[in-house]
Amino acid sequence: MWDSSKSRLDEISADADILRGNLRMLGPCALSNRILARQDEACGETDEPRVVKAKNGKPSMTVGGISVHSLYDPEKEGREWVREALSGGDLPKEGVLVLGLGMGYHVAALLSATSVPVFVFEPDIRRIRLSFSFISWDQEERWRGRIHFLSETGEIARLDRQIRLLVHAPSERSQKRAFSDAKKLFRSIQEDMISSLRILVVPPVTGGSYPVAVGAAHGLKAAGHRVSFFDASPFEGALLAIGQTTSLDLHKRQLQGIFSGFMDEMVMARVLAVKPDLVVALAQAPMSPALLSRLRDMGYPVAYWFVEDFRLTTYWERVAPLVHDFAVIQKEPFLSLLARSGVRGTYLPAAADPSVFAPRELSPEDRKLYGAPVGFMGAGYHNRQRFLPHLADLGLKVFGTEWNLSDALAAAMPLPNRRMTPDECARIFCATTVNVNLHSSVYHNGVNPDGDFVNPRTFEIASCGGYQVVDRRSLMEELFQTEGPDAELCFFDSETSCRREIRRATGDPEGRRAMADRARKRVLACHTYQVRMEEWVSGMLERGLRPASPALTGRWPVEGLLKSAGEDRGLSDFLKRFRPMGSVGLDDLVGQTLPGKDEISPEEATFLLMKEFSGGP
Amino acid sequence: MERSSGGSPSTLLIQRARPGDFLESLPLLDRAASSGGPLGLLCSPEIASWARALEIKARVLTLPGVHPEEGFSGGYPKWRALVGELRDGHWERVVHLNHDRGGVALVRASAIPVGYGFTRMAGETEGEPDSPLGWPAYLVSSARGLRRKNRIHLSDIWREFLPEGPVTESSSPRAFGGSVVLVLSGRSLYRQPTFETLEALIRGLRKNGVGEVILLGRPDEAALGESLSRLFLGSVRNLAGKTSIADLDALVRDACLVISPDTAPLHLASFRRIPTIGLFFGGASPHETGARYGRRISIVSRMACHPCGAEGSGCQTIACRDLMDGSMIAEVAVSVMSGGPLPSSTPSLWVYEGGESDGGFNRLILSGEPLRVSSGSEGEEELLGILFRRFFLRLLGGTGQPDPVAQALSGVVLPVESLPVLEHLETGVRLMAALATSSLTRRIAAVNEFPVLWPLAHHLWLDGSGSMAKDAFSELTGEIQELRDTVRKRPVKTEGGVHVG
Numbered sequence: 000m001w002d003s004s005k006s007r008l009d010e011i012s013a014d015a016d017i018l019r020g021n022l023r024m025l026g027p028c029a030l031s032n033r034i035l036a037r038q039d040e041a042c043g044e045t046d047e048p049r050v051v052k053a054k055n056g057k058p059s060m061t062v063g064g065i066s067v068h069s070l071y072d073p074e075k076e077g078r079e080w081v082r083e084a085l086s087g088g089d090l091p092k093e094g095v096l097v098l099g100l101g102m103g104y105h106v107a108a109l110l111s112a113t114s115v116p117v118f119v120f121e122p123d124i125r126r127i128r129l130s131f132s133f134i135s136w137d138q139e140e141r142w143r144g145r146i147h148f149l150s151e152t153g154e155i156a157r158l159d160r161q162i163r164l165l166v167h168a169p170s171e172r173s174q175k176r177a178f179s180d181a182k183k184l185f186r187s188i189q190e191d192m193i194s195s196l197r198i199l200v201v202p203p204v205t206g207g208s209y210p211v212a213v214g215a216a217h218g219l220k221a222a223g224h225r226v227s228f229f230d231a232s233p234f235e236g237a238l239l240a241i242g243q244t245t246s247l248d249l250h251k252r253q254l255q256g257i258f259s260g261f262m263d264e265m266v267m268a269r270v271l272a273v274k275p276d277l278v279v280a281l282a283q284a285p286m287s288p289a290l291l292s293r294l295r296d297m298g299y300p301v302a303y304w305f306v307e308d309f310r311l312t313t314y315w316e317r318v319a320p321l322v323h324d325f326a327v328i329q330k331e332p333f334l335s336l337l338a339r340s341g342v343r344g345t346y347l348p349a350a351a352d353p354s355v356f357a358p359r360e361l362s363p364e365d366r367k368l369y370g371a372p373v374g375f376m377g378a379g380y381h382n383r384q385r386f387l388p389h390l391a392d393l394g395l396k397v398f399g400t401e402w403n404l405s406d407a408l409a410a411a412m413p414l415p416n417r418r419m420t421p422d423e424c425a426r427i428f429c430a431t432t433v434n435v436n437l438h439s440s441v442y443h444n445g446v447n448p449d450g451d452f453v454n455p456r457t458f459e460i461a462s463c464g465g466y467q468v469v470d471r472r473s474l475m476e477e478l479f480q481t482e483g484p485d486a487e488l489c490f491f492d493s494e495t496s497c498r499r500e501i502r503r504a505t506g507d508p509e510g511r512r513a514m515a516d517r518a519r520k521r522v523l524a525c526h527t528y529q530v531r532m533e534e535w536v537s538g539m540l541e542r543g544l545r546p547a548s549p550a551l552t553g554r555w556p557v558e559g560l561l562k563s564a565g566e567d568r569g570l571s572d573f574l575k576r577f578r579p580m581g582s583v584g585l586d587d588l589v590g591q592t593l594p595g596k597d598e599i600s601p602e603e604a605t606f607l608l609m610k611e612f613s614g615g616p
Numbered sequence: 000m001e002r003s004s005g006g007s008p009s010t011l012l013i014q015r016a017r018p019g020d021f022l023e024s025l026p027l028l029d030r031a032a033s034s035g036g037p038l039g040l041l042c043s044p045e046i047a048s049w050a051r052a053l054e055i056k057a058r059v060l061t062l063p064g065v066h067p068e069e070g071f072s073g074g075y076p077k078w079r080a081l082v083g084e085l086r087d088g089h090w091e092r093v094v095h096l097n098h099d100r101g102g103v104a105l106v107r108a109s110a111i112p113v114g115y116g117f118t119r120m121a122g123e124t125e126g127e128p129d130s131p132l133g134w135p136a137y138l139v140s141s142a143r144g145l146r147r148k149n150r151i152h153l154s155d156i157w158r159e160f161l162p163e164g165p166v167t168e169s170s171s172p173r174a175f176g177g178s179v180v181l182v183l184s185g186r187s188l189y190r191q192p193t194f195e196t197l198e199a200l201i202r203g204l205r206k207n208g209v210g211e212v213i214l215l216g217r218p219d220e221a222a223l224g225e226s227l228s229r230l231f232l233g234s235v236r237n238l239a240g241k242t243s244i245a246d247l248d249a250l251v252r253d254a255c256l257v258i259s260p261d262t263a264p265l266h267l268a269s270f271r272r273i274p275t276i277g278l279f280f281g282g283a284s285p286h287e288t289g290a291r292y293g294r295r296i297s298i299v300s301r302m303a304c305h306p307c308g309a310e311g312s313g314c315q316t317i318a319c320r321d322l323m324d325g326s327m328i329a330e331v332a333v334s335v336m337s338g339g340p341l342p343s344s345t346p347s348l349w350v351y352e353g354g355e356s357d358g359g360f361n362r363l364i365l366s367g368e369p370l371r372v373s374s375g376s377e378g379e380e381e382l383l384g385i386l387f388r389r390f391f392l393r394l395l396g397g398t399g400q401p402d403p404v405a406q407a408l409s410g411v412v413l414p415v416e417s418l419p420v421l422e423h424l425e426t427g428v429r430l431m432a433a434l435a436t437s438s439l440t441r442r443i444a445a446v447n448e449f450p451v452l453w454p455l456a457h458h459l460w461l462d463g464s465g466s467m468a469k470d471a472f473s474e475l476t477g478e479i480q481e482l483r484d485t486v487r488k489r490p491v492k493t494e495g496g497v498h499v500g
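Sequence order for the protein chains is A and B. So in numbering that gives the first Met the number 0 the end of the first sequence lands on 616, straight run, no missing numbers. So in numbering that gives the first Met the number 0 the end of the second sequence lands on 500, straight run, no missing numbers.
Derived from the structure by calculation, the hints contain no laboratory data. The model shown is predicted, which means the values in this text are computed figures rather than measured ones. Wrong hints could be hidden among the right ones.
[To be verified] Incomplete in silico selection of chain A near chain B, CB under 10 Å:
#1 Leu560
#2 Glu602
#3 Phe612
Where a beta carbon is used, it is the ideal one built from N, C-alpha and C, also for glycine.
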């Protein structure tokens, strides 16, 4: 018997030169960095791999006491593995994907026995490091340029669909979850699936993120996903009532805790009913860290869009590590702070929903109520309370909530402190000659000189075809043309420059209209929720997110299905009807099979059963 | 198309529910087999293994599994092959016993011409059904809190499968000293007798000279079984969690009595014609899912909330379990084994016995007394239950065999208080008939005033059987009228009641 505790790596003398040679072969890349940095955090699924000496003197490997290779002759075992693998026929010229490296004997044998590219997926960096310390992967001339190492599941998505999959079973036994994800992803490439995810959108109970959630849901739907919306707005009254019921902080906190627990269960009930492939949660969504942990444990990925200023709202520290993807509207230093917590943040700026924010004909009554030479729509933050009174003489009207009605602005508010619906906001933007857009700040008296993110209003005013003057933000330049004759927005840095730009724009209706048109075009092309959601979801797909049941809940290109139908005439005839659609999902295929008594064709019957038994909606 | 030599039609039974539900449908398979026609069973691989172990004489088709990774190219051929098997011209009638979309899709995909049971989902309004063969009334009565009045049994759906002539199904005589099988629980806490009940029951059995008590249950009940086994050292054998379906079958066949909550062994024992005592509390009702064959006693919790929604009821106390008096159950068991008279019902527990020579259907008599209706809410429920059973069985049709419960009404003692109930109901039926062409919202509002009519309203209005509404209303009015007239004609006062003869 082998005593692995006495046969440690150092006793079989790992060769630093071999490791260096292998790293040189890899070149500067994420994998070599991870190996050098000894980043083992992704290896939580398995025990520490150990190197033990096999009977024939070669290094072998065990994990948790179970051997990954033969403890007698690992090389011979590797050759036998290859013989078995090749019995399934010739390998495609595109190559093979081997799941599991271990020490690599089977991979070395495969390289020697074939001439095709070999992609090796090994999620445990420690095993790669050990293999790299004992086997020189560029030692043989005929191996060179054919071996590729992958350590992250998402990398599989970039492989050619013709590649054949080979699994190293001893490696799989100790890394079941990672291998299952990898196989799922690989199969989805082979199926040439166009992912149509089942997505549950969870908005906040109330607040500014609510319309963002609605826009995100519209955007996801427009991007071809099947979207359910958990409408938390009926609970707004309950949330407000908590604040009004007692002035005792302790009791208030208790009630809020109970309310939070209740909302958690509401969301969980909806998750269990919808069984989403992805939960998209917006900032302030009623999902406690406890719920996020439960969802994570149950395998429901949550993508969280933190449409907040991280400096003012700090709950991201608790939420971000618990979710699958954390999107933010700010870059540095926020992304670095997230990275320090082990979270890979996704920069996803705000956007507009053109189905709500669009140019519109207004009635004289609307023009009278909502229109003004200068208008502002937004909540009464400190800097706005201080800044806007200085514009009152220009014919200012102010809409929104949380304004101090005792100050000079009260006269400028036709609907004091009334919450405006998105539709009303759109009317305001359309009816106003010059929309002032001042980003909020609780520290400054006017413009925040260090402001970075761009608020949703910027996109919404532009989407309406409205004209705006907006305070300068550091992230604005990459979203809009900000300088020159084709500038899409007009900026101010101070009260003085704001007044100057308003006066200039008021006297230049042609220039105003041209700039507003350019801004609208830009938003429709680049800054709708559909664009954002497509970008976000495709990023997640690239990084390995897949529907829970990808093969049956996704979409397939019709031509691909026709090819698969082969000689089956009935199936081909049935599928040809769907050619104009380009791609189809099971919903489409059974969409015309209405409930009732009419007899259905065998093909319709088959798709009906596939849909019913795939857990489809 | 395949037929037996006697010309009986071939039948395919779709069973997608739990294995216990499969055992509950064994009588149907038995009925269909006894008619001589070829028989098939489409089920999960797990149920298929049970069917094979129990040597069910049916061709077994299994549903393909669903594997997330298989994709179109892996999934389509196997489902297409199943459709081919379903449509190979083999089957003439299909029975689907559960209200679930997958099973309804299988019925649809099979294109088998005659369907029984749930051939459509409640609420689907496309097309008109040929006949009201489904169970929507049963389903809706279950869902609408009217279950105390429901007397439509699961087996009523296969009345048409009854062979001509009387059915003999006596239990085989059992030696008193044989073993008694005691099942520790059903699938949830709401079907699990308390430790105290089990202890008192075993003690009572031991006191009366019963030989061995064999405990059966789930693997997680092994410890409970061990506790009881230690308590009654040498006389209790704990096999909880240790039996396969074949073992279970063998044990049940050898037992002289099986005592069980409403769960798989109860139905298996009943199918094997072993005497059974079913314990019904929580969500289980013997009117709906009681045993079908052999000598069968049901001991039922007599609480106002029974039968409840069990796991869905939110009940924390499950007080109905506490009413299950172990010594009373032991007393009933001893009576069954010795052939003596059953003890009377108590204020806490009903003791029902399923009648013989009625084809195994839902004739329930109370402690050997004729079916009766007492005054008070229990009496009202009983009356309406019988009334609606008579009505729905007429509506459902069947072989034309007389319904034992309907017949039993001739011996019912109606309380005088029942007359206003019947008048109220008649008003409701008239109103429903008058609103036949009104908007659905208005009709639903009207029915809310007469909740007991919900099953009928759902059946006729929401489930697409609208064209039958007129006839159905007239049938029900006739049923009510008959009952009222009888009461008026022969008012014989007996202890505050009216005897209907």
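Status of the hints after comparison with the structure:
no., hint, verdict
1, Leu560, "holds, 6 Å"
2, Glu602, "holds, 8 Å"
3, Phe612, "holds, 5 Å"
Violated hints for the displayed structure: none, as all numbered hints are satisfied.
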